[in-house]
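Undergrad: Here are the chains, one letter per residue:
2 protein chains.
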Amino acid sequence: MKEKDRTMKELTPKSEDFSKWYVEVVQKAELADYTPMKGMMVIRPHGYAVWENVRNALDRRIKAAGHVNAYFPLFIPESFLQKEAEHVQGFSPEVAWVTVGGKEELEERLAVRPTSEAIIGHMYAKWIKSWRDLPVLINQWANIVRWEKVTRPFLRTTEFLWQEGHTCHETAEECEAETLRILDLYRDVCEAELAVPVLTGRKSLSEKFAGASMTYAVEALMSDGKALQMATSHNLGQHFSKAFDIRFEDRNQTLQYVWQTSWGMTTRTIGALIMVHGDDSGLRFPPRVAPVQVVVVPISIGNWKETVLPAARAAAESLRAAGLRVDLDAREEATPGWKFSEHEMRGVPLRLEIGPRDVKAGQAVLVRRDTGAKETARLADLGARVPALLDEIQAGLMAQAKAFLEANIRDAADYAEFKAILETKRGFVRAAWCGGEACEARIKAETMATIRVIPTEEAASKTDRPCVSCGGAGQALAYFARAY
Amino acid sequence: MKEKDRTMKELTPKSEDFSKWYVEVVQKAELADYTPMKGMMVIRPHGYAVWENVRNALDRRIKAAGHVNAYFPLFIPESFLQKEAEHVQGFSPEVAWVTVGGKEELEERLAVRPTSEAIIGHMYAKWIKSWRDLPVLINQWANIVRWEKVTRPFLRTTEFLWQEGHTCHETAEECEAETLRILDLYRDVCEAELAVPVLTGRKSLSEKFAGASMTYAVEALMSDGKALQMATSHNLGQHFSKAFDIRFEDRNQTLQYVWQTSWGMTTRTIGALIMVHGDDSGLRFPPRVAPVQVVVVPISIGNWKETVLPAARAAAESLRAAGLRVDLDAREEATPGWKFSEHEMRGVPLRLEIGPRDVKAGQAVLVRRDTGAKETARLADLGARVPALLDEIQAGLMAQAKAFLEANIRDAADYAEFKAILETKRGFVRAAWCGGEACEARIKAETMATIRVIPTEEAASKTDRPCVSCGGAGQALAYFARAY
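In order, the protein sequences belong to chains L and V. Going from the first sequence to our numbering is simple: count from 1 and add 8. Going from the second sequence to our numbering is simple: count from 1 and add 8.
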């Protein structure tokens, strides 16, 4: 890996070419790599460790909300996908098909799951008999395949990792409540763990999940001013229960179709972490999801292995014992300066430097990745100071991202202003919409902006302004943006 | 689910028809269910929770041994599989092939990974340049597809879940040491977590992994006397590094091929838990991997909701606070007796009963699943007594399985005795083998027994007896058995 190291510092500035910066930082920080198969990437250890942290944070919340995990098959018979009309129409263009098993041509093609409603619906019909079996609150961690034409690491790949929740309820009200409860759970993960502030709300019907009654989403703003969908929560109504005959005997001994939700969050969230927090020196991971929270770098001067290394090792050990994720970078072949830029590239939130004079003074230097601020701390105080500093960094990244989001939500009174904002500033444009698909389509064609969310709360979406496109009666305030 | 509940107690006795008992207990305990696709199962929440516990126990050890997790693509181009001759020959008969992506026929077929050496080998060739990059210690948690003809839930399924480790080393010695270190890690997981005692050793060449120099395995004995391979650790030598050109500049600036290992443990381990510990009443999970460690059953007599339920709830809460996995079964529609058999079926290690008189006496009744033994404990002492009792149950299940294993390892001096043991008693037969493939094949054809392991330690495999088949010079003592 030495050749690549030499170019470590040659990162295209973020402000110069955001796309190029993104692709470079993904590779230089060793988050992911390309494979010979178009659109399929390897998630390298540094990237996968982020996913493990995101996954654990999400899994903990999903379980605390009463859900259990299960595992359904990777393959779905073609006839199952076809049972729900909108669903097959939406997904069949991007399905990878298994047609041969062992040496034999299959009688029926098997879809590599693009999502699992169809196979799960089939099983639920078998398992659910009575209202006493409800609610069913099942989640699955799985790999998903969608044959994408244009791909980009983490953001859009042929295969990705995700969780997909699939729940069944007795009533429409309970079902809607679950959909919104999960939406809020996703918001919480984004904000509390990823330090990514989000907008939440419903999608327009043209942007909803194929087969859903209503799709809700959490949307974030990347630092190039484009939006990224962080997760979706779907109210499926009775679409799939009718297609798969998932019925239960209700409290009055009448057969009813169950009400269903489904919801997912993917490895795409890693793309958001890169694009929201990264800077010209590389990644800046929020401490809660950072693979390494603190890197200890002994300053290699003179007989440092005798003088400095033992103190560096002791500091690393004591922080590990306090439950932190700590690396000690004691490589001999790299200079301290080299190590500093490498760990900056890789997004380590906090660097702890110890040199010969520090050892004598019983102290260490702490350098924040987010601000570059330095401070000196006594070795004996590290166990208290470092966790507090990590909390400050987490809060600092959140505050910075939140200020950026808020500064980039702009109201457009008319179409000229709407277009001007998107051309010159991007970000979210809040504007009144008549609810018509024609206006939505025109805006998309002319500005490349789509409705990202319409606020769920009545008050936040209410408007007396005319539709920004046709001038007709505005039905709701919507957040528009160009998006990934 | 009420229809099924009614037949809960009608479990075929284990001693009467082991195969039937197995399939019934898998379904009645809701560990897994069949899907319309042959050989593909759903792992239901109760089964998946076991896998989560096994996975966490294994992942913790893999990481503690210095490995990191990553994620490689699900698909492998056909040409990659073909690069290692033995590998493609071994796996191609059981590969599922993707031939269509979206609407288009693919130019090259993609294998749904039957194992990942080929795609990982390709990436390693790109990443590894110098001895400083070694060792590479990467593990992956993934789903695997092998087109199996005869399938059985958990034991042999078309899709299964596993971890696969793939490491690269500078020297042959380091590589062999890693192979054996992992073998011991697997032994430890089996014995310390699953309470399944195992034999460890190498496989004969005819039973090794397609493409390996040597395969090592941990083998357990099921209670019907058949062996089950719990995990394998392969020394791949330079087979794949030569096929994929994975070379590094060594300490003398010479290009060398890396030495590799690969190793895996799968959802099959759940099959072992069922078959080693289960009894006529259902499952008996060892506490360390049990989804639920303690079930609290309030005895529903009179106004139990006022008198008993609060005490039951408090007991459950206090045990949960102590870090245990606890269920409170407060269902109104089921009788206590009904609940007892249901939780016995599902393998909950410990039942805590509280009735009106117990509440008055400030006590509870604890009933062990493994022995049926009952004892009374003061409510105030539960926090100390229950964890201790769970440790006793864990140790008790291990002792029982170990006694069974030891009683079922028999020495055969000649072929008549060898055949008689397999016909009448099964279990492991320890016998001398000349090392010849002809004898191995004859034994398999005539007795259905294969060499499960040859002990790794020189002393344990040494023999001066003649080969049990041909009477020629015995090269090693081997453990033979019929196997799943």
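Just so you know, the hints here were simulated from the structure itself, not pulled from any lab data. Each hint should be verified, as a subset may be incorrect.
Which copy? The list can't say, so a pair holds if one copy fits it or any two copies do.
To be verified - Computed list of lysine-lysine pairs in DSSO-like fashion (alpha-carbon distance at most 30 Å, straight line):
#1 K368 x K71
#2 K368 x K427
#3 K157 x K470
#4 K46 x K134
#5 K470 x K427
#6 K470 x K250
#7 K452 x K36
#8 K368 x K22
#9 K234 x K91
#10 K71 x K470
#11 K433 x K313
#12 K382 x K134
#13 K452 x K134
#14 K313 x K427
Everything numeric in this text was worked out from a predicted model, so none of it was measured.
Undergrad: Find the hints from earlier in the document that the structure breaks and name them by number, from lowest to highest.
TA: 1, 2, 3, 6, 7, 8, 9, 10, 11, 12, 13, 14
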